[in-house]
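Visitor: Single-letter residue listing:
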Amino acid sequence: AQRVTQPEKLLSVFKGAPVELKCNYSYSGSPELFWYVQYSRQRLQLLLRHISRESIKGFTADLNKGETSFHLKKPFAQEEDSAMYYCALLTSGSRLTFGEGTQLTVNP
Amino acid sequence: DTEVTQTPKHLVMGMTNKKSLKCEQHMGHRAMYWYKQKAKKPPELMFVYSYEKLSINESVPSRFSPECPNSSLLNLHLHALQPEDSALYLCASSQVYGRGAGSYEQYFGPGTRLTVT
Chain A
1 AQRVTQPEKL LSVFKGAPVE LKCNYSYSGS PELFWYVQYS RQRLQLLLRH ISRESIKGFT
61 ADLNKGETSF HLKKPFAQEE DSAMYYCALL TSGSRLTFGE GTQLTVNP
Chain B
1 DTEVTQTPKH LVMGMTNKKS LKCEQHMGHR AMYWYKQKAK KPPELMFVYS YEKLSINESV
61 PSRFSPECPN SSLLNLHLHA LQPEDSALYL CASSQVYGRG AGSYEQYFGP GTRLTVT
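So the sequence lines, in the order shown, correspond to chains A and B.
With the numbering used here applied, the first sequence covers 1 to 108.
With the numbering used here applied, the second sequence covers 1 to 117.
FYI, nobody ran anything at the bench for these hints, they're computed from the structure.
Hints may be right or wrong, so weigh each one.
[What the hints assert, rightly or not] The calculated DSS-like cross-link candidates involving lysine-lysine, where the alpha carbons are at most 30 angstroms apart (straight line), are: (1) B:K41 with B:K19; (2) A:K73 with B:K19; (3) B:K40 with A:K57; (4) B:K19 with A:K65.
Bound conformation, chain A alone:
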């Protein structure tokens, strides 16, 4: 069965520090993975998708099939990065299976 695990419910860092939000998945097929972000009082929005290999707002994420991971990284966190981050796995059809989420707080 497919599963997405985000081990940290809460993550707190200082402005300018590097940040890594962990995501591990379990899926027997070829994975398609995403990071979604939900800022306070805003709608859920796509941040990154692994197939694009892009950097958005300074964030990157690399799919590691050997470790079944898709960690989200940013070298220098900003206060405006404070939000809830969800890792999501696309399975059969267009089902998105979300992890439990990590609440990131960037302190000044």
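Based on the hints, put chain B in the right spot on chain A.
Guide: Okay, now just chain B, sitting in the frame of chain A:
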């Protein structure tokens, strides 16, 4: 227009009421979704419509009844709900539905916050 809109923003209803949630998109997307999100939890898929036809029903109780009258509109009809159905109901859309369509981003609406008393 790259937004998914949802009305109403908030809804309070009694357990005997009948109400409807509405979702609209004008991006030409042919797949639309309903999700339920409880506080501090991830969204859970409820229904998927593809080309106005119901493709997925994730064993949702019949007191929730979806409807897709056309390619731009998605409704969720509510009847005889329970207090535990109180949640944020999210609508989303994507260009198409189906495996291999993963590059097609799901765009989410702001949600309707439902309280059942």
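Visitor: Could you run down the list of hints and mark each one as holding or not?
Guide: A quick look at each hint next to the structure:
{"no.": "1", "hint": "B:K41 with B:K19", "verdict": "holds (24 angstroms)"}
{"no.": "2", "hint": "A:K73 with B:K19", "verdict": "violated (43 angstroms)"}
{"no.": "3", "hint": "B:K40 with A:K57", "verdict": "holds (24 angstroms)"}
{"no.": "4", "hint": "B:K19 with A:K65", "verdict": "violated (45 angstroms)"}
Hint check: violations occur at hints 2 and 4; the rest are consistent with the structure.
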